[in-house]
Amino acid sequence: MSAPAPSPLAIVDAEPLPRQEEVLSETALAFVAALHRRFRPRRDELLARRAERRAEIARTSTLDFLLETAAIRADDSWQVAPAPPALEDRRVEITGPTDRKMTINALNSGAKVWLADFEDASAPTWENVVTGQLSLIDAYTRSIDFTDERTGKTYALRPDEELATVVMRPRGWHLDERHLTDADGTPVPGALVDFGLYFFHNAKRLLDLGKGPYFYLPKTESHLEARLWNDVFVFAQDYLGIPQGTVRATVLIETITAAYEMEEILYELRDHASGLNAGRWDYLFSIVKNFRDGGPRFVLPDRNAVTMTAPFMRAYTELLVRTCHKRGAHAIGGMAAFIPSRRDQEVNKVAFEKVKADKDREANDGFDGSWVAHPDLVPIAMESFDRVLGDRPNQKDRLREDVDVKAEDLIAIDSLDARPTYAGLVNAVQVGIRYIEAWLRGLGAVAIFNLMEDAATAEISRSQIWQWINAGVVLDNGERVTAELARKVAAEELADIRAEVGEEAFAAGNWQQAHDLLLKVALDEDYADFLTLPAYEQLKG
Numbered sequence: 005m006s007a008p009a010p011s012p013l014a015i016v017d018a019e020p021l022p023r024q025e026e027v028l029s030e031t032a033l034a035f036v037a038a039l040h041r042r043f044r045p046r047r048d049e050l051l052a053r054r055a056e057r058r059a060e061i062a063r064t065s066t067l068d069f070l071l072e073t074a075a076i077r078a079d080d081s082w083q084v085a086p087a088p089p090a091l092e093d094r095r096v097e098i099t100g101p102t103d104r105k106m107t108i109n110a111l112n113s114g115a116k117v118w119l120a121d122f123e124d125a126s127a128p129t130w131e132n133v134v135t136g137q138l139s140l141i142d143a144y145t146r147s148i149d150f151t152d153e154r155t156g157k158t159y160a161l162r163p164d165e166e167l168a169t170v171v172m173r174p175r176g177w178h179l180d181e182r183h184l185t186d187a188d189g190t191p192v193p194g195a196l197v198d199f200g201l202y203f204f205h206n207a208k209r210l211l212d213l214g215k216g217p218y219f220y221l222p223k224t225e226s227h228l229e230a231r232l233w234n235d236v237f238v239f240a241q242d243y244l245g246i247p248q249g250t251v252r253a254t255v256l257i258e259t260i261t262a263a264y265e266m267e268e269i270l271y272e273l274r275d276h277a278s279g280l281n282a283g284r285w286d287y288l289f290s291i292v293k294n295f296r297d298g299g300p301r302f303v304l305p306d307r308n309a310v311t312m313t314a315p316f317m318r319a320y321t322e323l324l325v326r327t328c329h330k331r332g333a334h335a336i337g338g339m340a341a342f343i344p345s346r347r348d349q350e351v352n353k354v355a356f357e358k359v360k361a362d363k364d365r366e367a368n369d370g371f372d373g374s375w376v377a378h379p380d381l382v383p384i385a386m387e388s389f390d391r392v393l394g395d396r397p398n399q400k401d402r403l404r405e406d407v408d409v410k411a412e413d414l415i416a417i418d419s420l421d422a423r424p425t426y427a428g429l430v431n432a433v434q435v436g437i438r439y440i441e442a443w444l445r446g447l448g449a450v451a452i453f454n455l456m457e458d459a460a461t462a463e464i465s466r467s468q469i470w471q472w473i474n475a476g477v478v479l480d481n482g483e484r485v486t487a488e489l490a491r492k493v494a495a496e497e498l499a500d501i502r503a504e505v506g507e508e509a510f511a512a513g514n515w516q517q518a519h520d521l522l523l524k525v526a527l528d529e530d531y532a533d534f535l536t537l538p539a540y541e542q543l544k545g
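280 is the number that the numbering used here gives to position 276 of the sequence shown; each next residue is one higher, with no gaps.
These are computed hints drawn from the structure, not numbers from a lab.
Keep in mind that the hints are not guaranteed to be accurate.
As the list claims (entries may be wrong) - Now the in silico label distances, taken between C-beta atoms and shown as ranges:
no.: 1; residue 1: Gly-245; residue 2: Arg-301; range: 52 to 62 Å
no.: 2; residue 1: Lys-410; residue 2: Pro-88; range: 30 to 40 Å
no.: 3; residue 1: Leu-51; residue 2: Lys-157; range: 36 to 46 Å
Unchecked claim - With a Cα cut of at most 25 Å, we get these calculated DSS-like pairs of lysine-lysine:
no.: 4; residue 1: Lys-105; residue 2: Lys-544
no.: 5; residue 1: Lys-410; residue 2: Lys-330
no.: 6; residue 1: Lys-215; residue 2: Lys-105
no.: 7; residue 1: Lys-524; residue 2: Lys-492
no.: 8; residue 1: Lys-353; residue 2: Lys-330
no.: 9; residue 1: Lys-105; residue 2: Lys-157
Since the structure is predicted, the reported quantities are computational estimates derived from the model, not experimental observations.
Every residue gets a Cβ at the ideal spot worked out from N, C-alpha and C, and that includes glycine.
From just these sequences and the hints, can you work out the full model?
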């Protein structure tokens, strides 16, 4: 291991937390500082490239596969590294934040993989950042337990062989960690904080457990960003004296630009790549963000009307399966976000049928696994994949050579026969306000109307409001979407929430603040790249 750096990081404006020193040890911070010094400048350059590419899309209203990387796509000889045994079978993956209760429940869920989330399902309060790391450290040392103060119920881990394999998701490249700064006062990228602390404390411990440090990489927009992650992995493995290729990364193809660079992304990470994932809500958000001024043919209808059977979504997912299997990687399907109701079995029945149909389609299309948001959905998804896979760990031998996706197919938004509705506008406002309010209280994964919502669904909600206003969309009831109409719907929703939760709970919450923030990011002429950037400025803790 390298010697600790001479200029450690400073912890800024953060209340000390119990056991904080276990996570933020001098040697761990020296490692994070080394990552920051070496890789932050390139991170900054790549964020600038995002802005340049977005400007080009605004000018041309199109995207295409890259000419400069055509040779990589044409070369049939390369494959990603073989999957380690712990990641061969990924037929069901459960997602969720890293609080202690979720950690135990997810590991015990019966899913093959748990996406331990420091990103969209976790609001980045200092407490969540630090205690989330502690949850994982304690899980690997089997020193984690949890007792619910309200119910008295106690939670404990099952035997090791029954636990899900952890694939940890750090924050995206765009977010900084304001509580950790270098000697110049520059904050460390949140991605490097989350990755660095987790890798430093757990990489060797995971190897001893017969697994390894596995990661999900969010919001990647280009193969150059994947290259940066690969260089981070190489440096980190050398720093801790861990064999090269120990790390495995699954990349979320949840931006429209990344959809045109799937093979290149796998190529850049080929010694560390494990697969690609179809991240539905962020993908739709990215389409709106990049083509928001592209005119009527890029206007998305209500988010719930954009199912995975929409032609442009089918093109995206089928290209993902073909790309992954051509290169020996896992193709992981999208999220089943339904949260079962304890009171309404009819709601459950209808939702379970939809989940089953969605997972059957993915398994039949060639996916090797898929996501669920709740333990009760694990058996449903498992049954869909068991039926197709049987005793095989995956179906990477299904090469899907029948798939032929053209560049224009991925952005054929107007191929969808659905239009924006007034009910869709209301739902976008409802989800936006309710999610942002919870996020400002430090909650990243929130059950709203029987769906598990995270930052991605709030992003698509506010982006659609912005797009519909700026495109002059006329709804099914004949009303044109305007800023005035959005304010009217938001005011009505705020009044409904006040009546629903009562004056005391309303006053104790962040409802007005959430209302104001939603309208700011939905109505401002200058579109904010990420809702979480202005929201982070208002997040306490």
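*Regarding Leu-51 and Lys-157, is the given constraint of 36 to 46 Å on their beta-carbon distance met?*
44 Å, holds
*asked:* If I claimed the Cβ atoms of Gly-245 and Arg-301 lie 52 to 62 Å apart, would that claim hold in this structure?
replied: 54 Å, holds
*Given the hint that Lys-410 pairs with Lys-330, test it: the Cα-Cα distance must not exceed 25 Å.*
17 Å, holds
*Taken at face value, is the distance from the CA of Lys-330 to the CA of Lys-353 at most 25 Å?*
37 Å, violated
_Can you tell me whether the CB distance of Lys-410 to Pro-88 sits inside 30 to 40 Å?_
35 Å, holds
*Is it true that the CA of Lys-524 sits at most 25 Å from the CA of Lys-492?*
14 Å, holds
*Going straight from one Cα to the other, do Lys-105 and Lys-544 come out at no more than 25 Å?*
Roughly 22 Å separates the two Cα atoms, so the pair holds.
*Given the hinted pair Lys-105 and Lys-157, is their alpha-carbon gap at most 25 Å?*
Given pair Lys-105, Lys-157 holds - Cα atoms ~11 Å apart, limit 25 Å.
_Lys-215 and Lys-105 were given as a pair; does the straight-line alpha-carbon distance stay at or below 25 Å?_
Distance ~23 Å between Lys-215 and Lys-105 Cα, so the pair holds.
The earlier numbered hint that this structure contradicts is number 8, and it is the only one.
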